[in-house]
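Here is how the chains run, residue by residue.
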Amino acid sequence: MIEIDHVSQVFQTSARQDHLALSDISLAIEDGAFVSILGPSGCGKSTLLYIVGGFVNPTRGTARMKGKAITGPGPDRGPVFQEFALFPWKSVLGNVMYGPRQQGVRPTEAEAQSRALIEMVGLKGFENFYPKELSGGMKQRVALARTLAYHPEVLLMDEPFGALDAHTRTRLQNDLLNIWERDRKTVLFVTHSVEEAVFLSDKVVMMTRSPGRIRQIIDIDLPRPRRRDELLLDPRYQKYVVDIERMFDDGAEGGSQP
Amino acid sequence: MMGRMLLRRLAPLLACIGLLVVWQVAALAINNDSFPTAIGAIRAVPDILGDKESLINILASLRRMAIGFGTAVAISIPLGLLMGRSRVVASFFNPLLMVIYPVPKAALMPIIMLWLGVGDLSKTLVIFLGVSLPVIYHSFEGAKAVEEKMLWSAAAMGLSATQRLVRIVLPAALPEILTGCRTGLVLALITMITSEMIARQSGAGNILFNALDMGQYDTVFAMIIIVGAMGIGLDAAFERIRARLVRWSEPQFDIPLSFS
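Residue numbers (this note's numbering), protein chains in the order written: chain A, 18 to 275; chain B, 863 to 1122.
The following block holds chain A by itself, in its conformation from the complex (with noise of 0.2 Å):
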């Protein structure tokens, strides 16, 4: 369980002004469940998932995990960033055992359940490739690959298919959603996509644009296993999108008055 408490973020901006990134969000994530953070971009909602990492310290505020305050990144708690960030000087199956070896796992056994992993994100036969010889799809799924490989209780995702081509984001969020759905990790999924966030979650955490405050919790009722074309079909789905969608568009407008 992570509780988010009271937390608000200011940055200095270049001109030294204070900047109000985050505005007193408070929020529960419950183990197992899918959250998506979903808003505009520049509300705040990566600096949210960064202060979960520990990566950054909320000005105000805290942020727990089981009830221990956060006060630096850890291993349970497993970052996937929209730039991937894999090693480059690693080969595939380097990255992927980076993270195990560094938790003291022999070497042989972390090779096997790194060669698995790397199996099962689809990338058999690349063990030996280095980054750059891979496409944006296959990075991130070897960054998937890489932080599932020290088996994490939770998942932060980073817009990880914002700088994917639509058609290789949608494969990804399938077998992104077959994997999650065998071991039912915790994931808090950042995104600005309205469709993505109702086809991957169980809650959508709707925010305003800057400053970043929660707008409205929305619970996804949408039956499991779930299959896009299934569900691309299904009226409640469509509901879903249009009300989220229509609900932004209100929003646009009256934070746009100065």
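Keep in mind that a hint or two might mislead.
With a Cα cut of at most 25 Å, we get these calculated DMTMM-like pairs of lysine to aspartate or glutamate [claimed, not checked]:
hint: 1; chain 1: B; residue 1: Lys1011; chain 2: A; residue 2: Glu150
hint: 2; chain 1: B; residue 1: Lys1011; chain 2: A; residue 2: Asp260
hint: 3; chain 1: B; residue 1: Lys914; chain 2: B; residue 2: Asp1075
hint: 4; chain 1: A; residue 1: Lys202; chain 2: A; residue 2: Asp236
hint: 5; chain 1: B; residue 1: Lys1011; chain 2: A; residue 2: Asp192
hint: 6; chain 1: B; residue 1: Lys1011; chain 2: A; residue 2: Glu144
hint: 7; chain 1: A; residue 1: Lys149; chain 2: B; residue 2: Glu1101
hint: 8; chain 1: B; residue 1: Lys1011; chain 2: A; residue 2: Glu100
hint: 9; chain 1: A; residue 1: Lys149; chain 2: B; residue 2: Glu1112
hint: 10; chain 1: B; residue 1: Lys1011; chain 2: A; residue 2: Glu213
hint: 11; chain 1: A; residue 1: Lys149; chain 2: B; residue 2: Glu1010
hint: 12; chain 1: B; residue 1: Lys1011; chain 2: A; residue 2: Asp93
hint: 13; chain 1: A; residue 1: Lys149; chain 2: B; residue 2: Glu1009
hint: 14; chain 1: A; residue 1: Lys107; chain 2: B; residue 2: Glu1009
hint: 15; chain 1: A; residue 1: Lys107; chain 2: B; residue 2: Glu1003
hint: 16; chain 1: B; residue 1: Lys1011; chain 2: A; residue 2: Asp35
hint: 17; chain 1: A; residue 1: Lys107; chain 2: B; residue 2: Glu1101
hint: 18; chain 1: A; residue 1: Lys107; chain 2: B; residue 2: Glu1010
hint: 19; chain 1: B; residue 1: Lys1006; chain 2: A; residue 2: Glu100
hint: 20; chain 1: B; residue 1: Lys914; chain 2: A; residue 2: Glu170
hint: 21; chain 1: A; residue 1: Lys85; chain 2: A; residue 2: Glu170
hint: 22; chain 1: B; residue 1: Lys1011; chain 2: A; residue 2: Asp236
hint: 23; chain 1: A; residue 1: Lys107; chain 2: B; residue 2: Glu1112
hint: 24; chain 1: A; residue 1: Lys149; chain 2: B; residue 2: Asp1075
Chain A residues, not near chain B, derived (Cβ > 12 Å throughout) [to be verified]:
hint: 25; residue: Glu20
hint: 26; residue: Ala32
hint: 27; residue: His36
hint: 28; residue: Ser108
hint: 29; residue: Glu128
hint: 30; residue: Lys202
hint: 31; residue: Arg243
hint: 32; residue: Asp251
Honestly, the hints are just simulated from the structure, not real lab data. Backbone N, C-alpha and C fix where the C-beta goes; we use that ideal spot for every residue, glycine too.
Assemble chain B onto chain A, guided by the hints.
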């Protein structure tokens, strides 16, 4: 296709031959004692390399260069990386380096000689100074450019700050660091010769400038050829090591800058 590849491989050699031809023609045209022909200078090369005294001199130069370069790299890389990742370290060292950077290191030689004598120590120190700055600068830039998210990923795996510096920043910045080392290597050769020009006692520079004093122009130019060849040889050897270390970052095509 085959012809093109062959041409590309032979291009550096052809360039050298071209230079020697121009030299030869110019020397014949000018016909001055202080400007020997290319053939004359090349003929003098085996005389130098066959002479035990000269060889000892050249080896002494190379030894100083190796020590100067080695210690400079060993100190500059960690310093540059720390500067790139810590604002405090950077704001402390940056002004110092800004002052030292534009000073020609050989210009410090007379002062250093006053303090440390004309021996190996002074010359090695000058080489050390010459090599340090480009290596620090490139290590600094390389470390600064390391993607934040890469470090976060490593932190989530449980790497401490020190581990991240050694195991993430160092390899990630390695291509840039090695660019600095390559510049440093050439500068080491240059400062090696200039230091020996100022503190004449032994070394390749000593042979060169003694020959100049005695009007042995064939030897002077032969030494220039030898120093040039040493530069090319060192650079090619270094490039080979570099290419092996950073194969993961290399673009597929590269302009052949050296003989490797």
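Comparing the hints with the structure gives:
Among the hinted pairs, Lys1011/B with Glu150/A is consistent with the structure: their alpha-carbon atoms are about 20 Å apart, no more than 25 Å. A threshold of 25 Å between alpha carbons decides the hint, and for Lys1011/B with Asp260/A the separation of about 34 Å lies outside it, so the pair is violated. At roughly 21 Å between alpha-carbon atoms, Lys914/B and Asp1075/B fall within 25 Å of each other, so this suggested pair holds. For the proposed pair Lys202/A and Asp236/A, the alpha carbon gap of about 18 Å is at most 25 Å, so the pair holds.
Under the criterion of a C-alpha separation no larger than 25 Å, the hint pairing Lys1011/B with Asp192/A is consistent with the structure, at around 23 Å. The hinted pair formed by Lys1011/B and Glu144/A meets the criterion: a straight-line CA distance of about 23 Å does not exceed 25 Å. Between Lys149/A and Glu1101/B, the direct Cα distance comes to roughly 21 Å. Compliance with the 25 Å bound is thereby established for this hinted pair. Distance restraint check for Lys1011/B and Glu100/A: the Cα-Cα separation of roughly 8 Å lies within the 25 Å cut-off, and the hinted pair is therefore satisfied.
Distance hint between Lys149/A and Glu1112/B is fulfilled; the C-alpha atoms sit about 9 Å from each other, no more than 25 Å. For a cut-off of 25 Å, the pair hint linking Lys1011/B to Glu213/A stands: about 23 Å separates their Cα positions. Between the alpha carbons of Lys149/A and Glu1010/B the distance comes to roughly 18 Å, so the proposed pair stays at or under 25 Å and holds. The straight-line distance between the Cα atoms of Lys1011/B and Asp93/A is roughly 17 Å, inside the 25 Å bound, and the hint therefore holds.
A C-alpha spacing of about 15 Å is found between Lys149/A and Glu1009/B, which places the hinted pair at or below 25 Å, so the restraint holds. Distance check on the hinted pair: Lys107/A and Glu1009/B sit about 15 Å apart at the alpha-carbon level, within 25 Å; holds. Using a Cα cut-off of 25 Å, the hinted pair Lys107/A and Glu1003/B holds, with the two alpha carbons roughly 21 Å apart. For the proposed pair Lys1011/B and Asp35/A, the alpha carbon gap of about 24 Å is at most 25 Å, so the pair holds.
Our distance criterion of 25 Å between C-alpha atoms is met by Lys107/A and Glu1101/B, whose separation comes to about 21 Å. For the proposed pair Lys107/A and Glu1010/B, the alpha carbon gap of about 17 Å is at most 25 Å, so the pair holds. A distance of roughly 17 Å separates the Cα atoms of Lys1006/B and Glu100/A; the hinted pair therefore holds under the 25 Å criterion. Of the supplied pair hints, the one linking Lys914/B and Glu170/A is violated, its CA atoms being roughly 71 Å apart against a limit of 25 Å.
Between the alpha carbons of Lys85/A and Glu170/A the distance comes to roughly 14 Å, so the proposed pair stays at or under 25 Å and holds. Taken as a hint, the Lys1011/B and Asp236/A pair is broken in the structure, with Cα atoms around 31 Å apart against an allowance of 25 Å. Only pairs whose Cα atoms come within 25 Å are accepted, and Lys107/A paired with Glu1112/B is accepted, the gap being roughly 14 Å. Using a Cα cut-off of 25 Å, the hinted pair Lys149/A and Asp1075/B is violated, with the two alpha carbons roughly 56 Å apart.
The non-interface label for Glu20/A is consistent with chain B: the shortest C-beta to C-beta separation is roughly 20 Å, beyond 12 Å. No Cβ of chain B approaches the Cβ of Ala32/A within 12 Å, the least distance being about 19 Å, so the stated non-interface status holds. Consistency note on His36/A: stated as away from chain B, and its beta-carbon is indeed over 12 Å from all of that chain's, at 19 Å minimum. Interface exclusion of Ser108/A from chain B breaks down, the closest Cβ pair being 8 Å apart, not more than 12 Å.
For Glu128/A, the shortest C-beta to C-beta distance to chain B comes to about 16 Å, beyond the 12 Å cut-off, and the non-interface label holds. At the 12 Å boundary, the C-beta of Lys202/A stays outside the reach of chain B, the nearest C-beta of that chain being 14 Å off. The beta carbon of Arg243/A sits about 28 Å from the closest Cβ of chain B, which is more than 12 Å, so the claim that it is off the interface holds. Here Asp251/A stays apart from chain B, with its beta-carbon at least about 36 Å from theirs, past the 12 Å limit.
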